[in-house]
Amino acid sequence: MKAFFNLVQAEMIKQYKNYFHNKFIYFSLFLWPILSFVNGYYQFKPFDFSGVSKSISYLNDDTLLSYVLIGYMAMIFFRTLVQSAWHFSFERTAGTLELVYLSPANRVAIVFGNCLSALLGSVWLFVVFLVGIQLTFSNVQIENPVLFIMASILMVIMSVNWGMLLNGLFIFTRDSAFLFTILEEPMEIFSGVKVPVVLMPFWAQAVAAAFPLTYAIKALRMLMFETVSNSEVLRMFGIMLLICITMFLMTLFILRVGEARNRKTGNMALF
Amino acid sequence: MIQLKNVSKIYTTKTGKNPFKRVKSEKLAVDGLNMQVEKGKIVGLLGVNGAGKTTTIKMISTLLEASSGTITIDDKDVIDNRMDIKRNVNMITGGERMIYWRLTGRENLNYFGQLYGLDLNVLKPRIESLVKLVGLEDSIDIPVERYSKGMKQRLQIARGMINDPDYLLLDEPTLGLDAPIAKDIRAYIRKLADEQNKGILLTSHYIPEVEALCDYIYVLHNGKLLYEGTSKMLATQVFDTKKYIFETSELSETKMKAMYAFSDALGASVCITKEEGLHKVNFESGADCHKELMNYIHQNRFLIHNFRVEEADLEASIIELSRRLS
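These protein sequence lines map, in sequence, to chains A and B.
Per this note's numbering, the very first residue in the first sequence carries number 1; after that it's consecutive.
Per this note's numbering, the very first residue in the second sequence carries number 1001; after that it's consecutive.
So that you can see chain A by itself, here it is in the shape it has in the complex (with noise of 0.2 Å):
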């Protein structure tokens, strides 16, 4: 175990140094996600939300402003894991990734520490900042912060395997930019980031149920907005962690088929 965690920090450190070596990128990863949450925020301020409200209770004019905001933070966790893992994908181009393959290193822990990497490294810096709006400009009152902050947890862990799946269909795909596309855009448009999920319609609903985000942002609204029974809420929780051990046992698969695949194809060292 000592040995998979020395792997998780030189693979967080490896990283953070290969794409954090200009301090200047810290402040486009702060400024482009407050421009979008802004953005999102100023679309639908000019809306009357009194038609919503038949559908969803809490969405008015005086909670708008933590409902985009719970969406937008939700969603920085998940599209930093997109981008971290599409950055991966450039290994096989540089040809490093047939360095990590060549040796008996822990896949895992190499996916692990790199979805970590870019969290711990692009994130932070706009939860502080959706933190303190929530704080200064925010009228709403969360009934139970514990459990708030338990599904805060549960949707960090949601996007650390969301990341390392994405990871592992990144290296063994060489066409990762098809991937980003499909994967980035249409994750903010249906999981509910912006738009809540149950004004969709039924087909863009069956496509929110795809991506484990859309649960993430369910969790949070509800427990920001809503009195929730306690069956309620270990079902939500259970549907988190269902999903977060489906992820991870899928992150396996793909591991270790991809690595046989290319083992008899070759493709590792094309791209």
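No wet-lab data here; the hints were simulated from the structure.
Every value quoted in this text rests on a predicted model; they were computed, and no experiment measured them.
Incorrect hints may have been included.
Stated by the list, open to error - Straight-line alpha carbon distances no greater than 27 Å define the calculated BS3-like cross-link-like pairs of lysine-lysine that follow:
1. B:K1124 with A:K2
2. B:K1291 with B:K1257
3. A:K264 with B:K1017
4. A:K17 with B:K1124
5. B:K1232 with B:K1243
6. B:K1191 with A:K264
Given chain A, put chain B in place with the hints provided.
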């Protein structure tokens, strides 16, 4: 010892513009290859592009799986003992890829060392000794992007040695390097085999490098083993004649006639030309007739200005082989 027994590799690819009607095609990259690399020896793997050299190296390194045949390293099958083998083998390729340019040399070595699960107590002194060995002491703490090509290649060598492997697979290790740096690297490769008892498999397009370094050579052509042996053996197999060239003071007509008769008797051919008051004798024979020729020269009191035996080198042998196969 690395041992390949009847190893073949077939790549299957799908071609065709229509994604629903793609045609499968197979390419035999390595065909029934038998070879071995012992510890303390440098073995060369030669062949033109597409001969199957890199595929062979990658199969030994566990990055690729053979379609048939067996590869063992110290009697362990590379498929059944993949993780063990990975600890004991490393690969060094030429060029500037396969290192993290934004990291310093030390950070690179540190990362790659940890991929092999090396404890920091072991890793730190090993990095120090490798850095010294490849002569990067002054630049090990600056980002690799500021390294010259030669420095990057030396870092690659240090990287390949980080797990102290018993076997090193070198794929064009001096590719694109200046002659003095390439010479240093060759000397270092020799040292690894002689002093550290590493078994080294080397591919290179630079034939004099292979000739200078390799104890034994395998030549591949279209995935098949075309030849194995030392470079001298290859030359004698490829070129069936030996040339003796000497310059002597002007020969009389009688002596020239006697020379032609002597060559006929040995089944050799001779060509005598006159250059700047000297006669140049070009004596070519299928058999080794060095002794007979020396005796003849001595008995006939030829005044020799220079004498040399021209033997084909590895480069000439490979060129000749390629010519015959094309």
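Do the hints match the structure? See the list:
With a C-alpha separation of about 18 Å, the suggested pairing of K1124 of chain B with K2 of chain A holds against the 27 Å cut-off. For the given pair, K1291 of chain B sits about 20 Å from K1257 of chain B by alpha-carbon distance, which is consistent with the 27 Å threshold. Of the pairs offered as hints, the one joining K264 of chain A and K1017 of chain B holds, with about 23 Å between alpha carbons and a cut-off of 27 Å not exceeded. Between K17 of chain A and K1124 of chain B, the direct Cα distance comes to roughly 19 Å. Compliance with the 27 Å bound is thereby established for this hinted pair.
At roughly 15 Å between alpha-carbon atoms, K1232 of chain B and K1243 of chain B fall within 27 Å of each other, so this suggested pair holds. Taking the CA atoms of K1191 of chain B and K264 of chain A, the gap is near 35 Å; set against the 27 Å cutoff, the hint is violated.
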